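Since chain A is already given, all that's left is putting chains B and C on it; use the hints.
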Amino acid sequence: MRVRYVWIPVLIAVISVPIGFYYVDWSKSGDGAGLYSRSWQPEAVFAYWNPEDFYVSVDSVIGEFSGEQCIDCHQGVTPGIVNDWRKSRHSKPADDQNAVYCSDCHGSNHEDLHLPSPEICGGCHADQHNQFVDEKRYGFPSHALAMERALDAKHFADKPKAEVTACLQCHSVATKCDSCHTRHLFSAAEARRPEACLTCHSGPPHPDDETYFNSKHGELYLAEGENWDWSKPLRKGNYPAPTCAYCHMDEGKHQVANKSIWKFGIKQINPLTSGNEVKRKQWIKLCADCHEKDWSADRLKEMDAERKTAWNKLYRAEDILKSLRSDNLIYPSAKERPPYPTDSADDLIQYEHVGFFEGQASAFYNVSAIERDYFEMWYFDNLAAYKGSAHGDISFANKGHAAMDSSLEKIKHKAEKIRTLGKAEKNEARKNNGHQEHPGKLWFNGEYTEYNRDHN
Amino acid sequence: MRVRYVWIPVLIAVISVPIGFYYVDWSKSGDGAGLYSRSWQPEAVFAYWNPEDFYVSVDSVIGEFSGEQCIDCHQGVTPGIVNDWRKSRHSKPADDQNAVYCSDCHGSNHEDLHLPSPEICGGCHADQHNQFVDEKRYGFPSHALAMERALDAKHFADKPKAEVTACLQCHSVATKCDSCHTRHLFSAAEARRPEACLTCHSGPPHPDDETYFNSKHGELYLAEGENWDWSKPLRKGNYPAPTCAYCHMDEGKHQVANKSIWKFGIKQINPLTSGNEVKRKQWIKLCADCHEKDWSADRLKEMDAERKTAWNKLYRAEDILKSLRSDNLIYPSAKERPPYPTDSADDLIQYEHVGFFEGQASAFYNVSAIERDYFEMWYFDNLAAYKGSAHGDISFANKGHAAMDSSLEKIKHKAEKIRTLGKAEKNEARKNNGHQEHPGKLWFNGEYTEYNRDHN
Amino acid sequence: MRVRYVWIPVLIAVISVPIGFYYVDWSKSGDGAGLYSRSWQPEAVFAYWNPEDFYVSVDSVIGEFSGEQCIDCHQGVTPGIVNDWRKSRHSKPADDQNAVYCSDCHGSNHEDLHLPSPEICGGCHADQHNQFVDEKRYGFPSHALAMERALDAKHFADKPKAEVTACLQCHSVATKCDSCHTRHLFSAAEARRPEACLTCHSGPPHPDDETYFNSKHGELYLAEGENWDWSKPLRKGNYPAPTCAYCHMDEGKHQVANKSIWKFGIKQINPLTSGNEVKRKQWIKLCADCHEKDWSADRLKEMDAERKTAWNKLYRAEDILKSLRSDNLIYPSAKERPPYPTDSADDLIQYEHVGFFEGQASAFYNVSAIERDYFEMWYFDNLAAYKGSAHGDISFANKGHAAMDSSLEKIKHKAEKIRTLGKAEKNEARKNNGHQEHPGKLWFNGEYTEYNRDHN
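Chains as they are written, first to last, in this note's numbering: chain A, 66 to 521; chain B, 66 to 521; chain C, 66 to 521.
If you are wondering where the hints come from, they were derived from the structure by calculation, not from laboratory data. Where hints are given, some of them may not hold.
In silico lysine-lysine, PhoX-like type, Cα no more than 25 Å apart, as pairs [claimed, not checked]:
#1 Lys475(A) with Lys464(B)
#2 Lys475(A) with Lys387(A)
#3 Lys226(C) with Lys373(A)
#4 Lys219(B) with Lys201(B)
#5 Lys464(A) with Lys482(C)
#6 Lys482(C) with Lys482(A)
#7 Lys387(C) with Lys464(A)
#8 Lys475(A) with Lys387(C)
#9 Lys226(C) with Lys475(B)
#10 Lys366(A) with Lys226(C)
#11 Lys479(C) with Lys464(A)
#12 Lys332(B) with Lys219(B)
#13 Lys475(C) with Lys482(A)
#14 Lys226(B) with Lys464(C)
#15 Lys328(C) with Lys464(A)
Just so we're clear, the structure is a prediction, and the values are computed from it rather than from any experiment.
Only chain A is shown next, with the shape it has when bound in the complex:
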């Protein structure tokens, strides 16, 4: 390339970079927040789940107030939270520290109060905040990326707001600290107990609550935990049995993403990569606080085996779906599915279709019934098996595998019927005024397409 043509890429950059910035700025300038803010408006309650973007101060009281004044008035208005604060270390700091008052976190102008972001807490608690932010290096799943990676996504713009609110309630762990340290006691002792985690980590698809409490570890906590000294750090010798935080946040580290081998059970991973061998050693070291190292290594191998069995079952189901698809028997097919509301049907480039084959996260909705069966097998049955296996609740793992067996049988059975009756049904459905009454209809044009396009 001749040197004088160097101006061509430079010119392109000079033009396209500002356009890029303008576009991002424009797309963020909707009424909401995030990449899809122009396509989607928040619910009122988002002010509390994502306060930095949406909270608007109460302005029924005007004026500037000192911390002591806040306390004086709120002792009468909301005594519970003032009582909590009085018991907290914020009100009774060590000798060389100042008390932390309401106004230090919420501001002192009552017309311009804010709810504290992680950055505000990080002003004093820098180590914890840095560890928390460090999770981003490990990708998702992680607490720190729970909003921007999981919720600020194309297929979320296609959901009813009420449901996104539901997701947000837990995923707001990324935007505020009181998911674990409940206000206004903000007790480290509380956050060390498993209950701090279970509001989010319970039920499908992540029955951490159920599987921990059914394990021998959980049993000991339930029977005796009330007498343990929760003021102690999460460290070898301090607790008779481990809790969620003891293992996942050992030594109080606010970084839970750097020890995850199987990534929540969502993807098949190679458990023996060098990265995972490092993580495995961390786990064995941790388990050796109480157990023989051999025992711990064996349990991890058991989990490898359990995961391999689980993925064999999932792949058998996927093969059936792929075979149906290659024979054009999945209905609606990927091409017949509606576009995302953020896409325009008459875009110059072909719109992206919703559905299993375009990524598992979008397989929740707008897919055929048999694809939904696969989704449930993968997301609910498989993850239940994983969590049971990971937390020492083997009967839960067995239930998950029994459910996978049963789902696989169902999928086989449906596939067989689709092969026998499928074409006839499809023709019938097309005749009947488009897709009316077709079993796949709910996912095709239910809550998550027509309705939302009108109401989000």
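Just chains B and C, lined up with the frame of chain A:
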């Protein structure tokens, strides 16, 4: 009307009013209790669930005993309950009060003992009893009407006694106080804890237990509740987090029916009637013990939205059923269903049929399979969604909605098949010795008709 | 018979007895343990679940150590378990006893350590061990026979090891004492609490956990148990409400098999045999620690009624299956099922087939879909109903019965379809390359036959 004919209505009244009284008296004079007592005999254990009507005193010991004598003997026979009493305020009253002994509540003649009714407890605890009885003004659901409105009903006379016993175990909250204040400590502190409620308020169709404990409120209770001072009244500032009773029985009021906006999620209500606006203000005031008023108002609006979405799903299912019905494809149809056992098939007036279209409460049984699907969608999935929404367990609400989506898909699918195959199947079934082997048979003539008519 | 021929049976015995002993010895000389040891290899973790047969000592440390030396070193290596021991009675014995050190139970040669068997614990705790062993007289279900009767069985040799490990986790209650008395506190107080039982006794098919905690007994434990004095023996008057152990191990007896009337709900039993009348009296005596005897007797009668209803439902399902079978419509039929891996297909005697009709325990796998439905109705729905009924959680019992009703409807529906379409499907399946794509395939040649024969 000429004045002299005034004797005609007077005569009718003079004749019919005594006949009416006689009829009611006659119908109550069966071996049981309630309107259907002649059609239905109680189980032995009813003596304990509904003691006023059915309890018969132990007579193995004879004689009259003073309270002190009761204690002396029962310390050896049943020491646990005596120990409870010794710890109770009944045994250690304030200075100006007398101790309350066994005999004060159970009587002193050992051959004629009784189990205390709410009226007996109300003899001392008049405020609480009056509040409890006041619930009747608000209709059902309410504790005070749990027996006479929910159990003394035509379709209950059609159920196996074992199952009615099951209902009675919880619905006996109307007929005795120890559902919440367990004997013989009768501690207010105990009744303030959520466990007092969860024996009944758990599991489908009312997972109050599960949804509370998964909420942040419940988390705080689980992690720290053992250190709260439960002797304090349920009042602003006394508790770090609310319990069932804190919100539903604030200030210890024994009236829980006067704050219910959505009526348990069973019916679609207009949340914005003036009555409900009053209730809404009561809730916002209560939530403001700890939360911003805006926040509370938003949460109630979210519940309105969740309920609207839920009812849209239910109405879509109902539309499918109505359409099948109008095309005479529901089998057994309402007219083909068996009469209640309390009706006679050869009554002069046409008997009432069991089934969805005659009222939801009777849709449990004796309906077609697709109607049962609707029932389960309404009673289990919908109410799970409601309770999750009401108690701040959003993931439970989501599970309920996912289940409703899935049920709706199932109903659509079944309806499609019924339309395609229904008539052929129906003809087949009618040929085969009446209804033999028809899938709807279980609900048609299963546990709840032929068997019961012979055994109740 | 002439006397001189007496040498014939003697000769047979002389030949066959040594052969028999040789055969048993040979069959046990595989790499595993138990009757099927030659057909089946253990997982590494079995060393911990069944230590006497499989544990191999850690040998990274060499030498002989006294108890004090164990403590000195392990205080640094595994402080948690040393702390537990320091709190235990083993470290602080009564005046006339010696302390029990690590080496007393695990041995003192670090290259030849062992995990303590029940016999080792029984060396000091003879009464408890004798009671435990005495359970064997009552057959299975019982703790003492949980391994040899339930796991050392032909159909277990046919299972994937990962799943047998799962079974073993709980069934290892027969081979080690720390299932209930967790190491190294070994506190009787802990074992008296329900949590000691719930690691195993929870979830399907034995929701003891769920049903106890939903009962009024469990409610009292949850609300107040933290303040009870758990150092007291399980005896009348010592506890305000009963726990698992209070009723099933009254007076601390380590024999739980001699009071079981309904045998876990697995078989229909006659509740009125003389043996069961004796057990019934034991229960009534126990309940009378707090309740009226009449009340207790009525509750047991209620359970009889519930069980009768449950078995009526199960027999209706069995009748459907038997009828399909006699018409040769069950596919794969018993004769078409694969042999156990411990059998040889070319055995001189006909191999035993897996499946419902050869015993319920083998109906888990390798059966037709409709037989699997029956299995789930029997094992999950029926046992849920039983446990709800037995533990005073009537709503759980109701859920179980509703599930049985629903399963029965499903079985009827499937049977009807099999009768209509069955022969056509079967012919179709046989044409398609053997059994390919047949819905029953999973159970026929899934996880539990081909794969296992290659990998166990």
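Okay, the hints, checked on the actual structure:
For a cut-off of 25 Å, the pair hint linking Lys475(A) to Lys464(B) stands: about 21 Å separates their Cα positions. In summary, the hint linking Lys475(A) to Lys387(A) is supported, as the alpha carbons are separated by about 16 Å, within the 25 Å threshold. Between the alpha carbons of Lys226(C) and Lys373(A) the distance comes to roughly 13 Å, so the proposed pair stays at or under 25 Å and holds. As the CA atoms of Lys219(B) and Lys201(B) are separated by approximately 20 Å, the hinted pair is consistent with the 25 Å bound.
Distance restraint check for Lys464(A) and Lys482(C): the Cα-Cα separation of roughly 28 Å exceeds the 25 Å cut-off, and the hinted pair is therefore not satisfied. A threshold of 25 Å between alpha carbons decides the hint, and for Lys482(C) with Lys482(A) the separation of about 13 Å falls inside it, so the pair holds. Of the pairs offered as hints, the one joining Lys387(C) and Lys464(A) is violated, with about 28 Å between alpha carbons and a cut-off of 25 Å exceeded. At roughly 24 Å between alpha-carbon atoms, Lys475(A) and Lys387(C) fall within 25 Å of each other, so this suggested pair holds.
For the proposed pair Lys226(C) and Lys475(B), the alpha carbon gap of about 37 Å is over 25 Å, so the pair is violated. In summary, the hint linking Lys366(A) to Lys226(C) is supported, as the alpha carbons are separated by about 13 Å, within the 25 Å threshold. With a C-alpha separation of about 24 Å, the suggested pairing of Lys479(C) with Lys464(A) holds against the 25 Å cut-off. The suggested pairing of Lys332(B) with Lys219(B) holds, with an alpha-carbon distance near 20 Å, which does not exceed 25 Å.
The suggested pairing of Lys475(C) with Lys482(A) holds, with an alpha-carbon distance near 18 Å, which does not exceed 25 Å. Of the pairs offered as hints, the one joining Lys226(B) and Lys464(C) holds, with about 16 Å between alpha carbons and a cut-off of 25 Å not exceeded. Distance hint between Lys328(C) and Lys464(A) is fulfilled; the C-alpha atoms sit about 23 Å from each other, no more than 25 Å.
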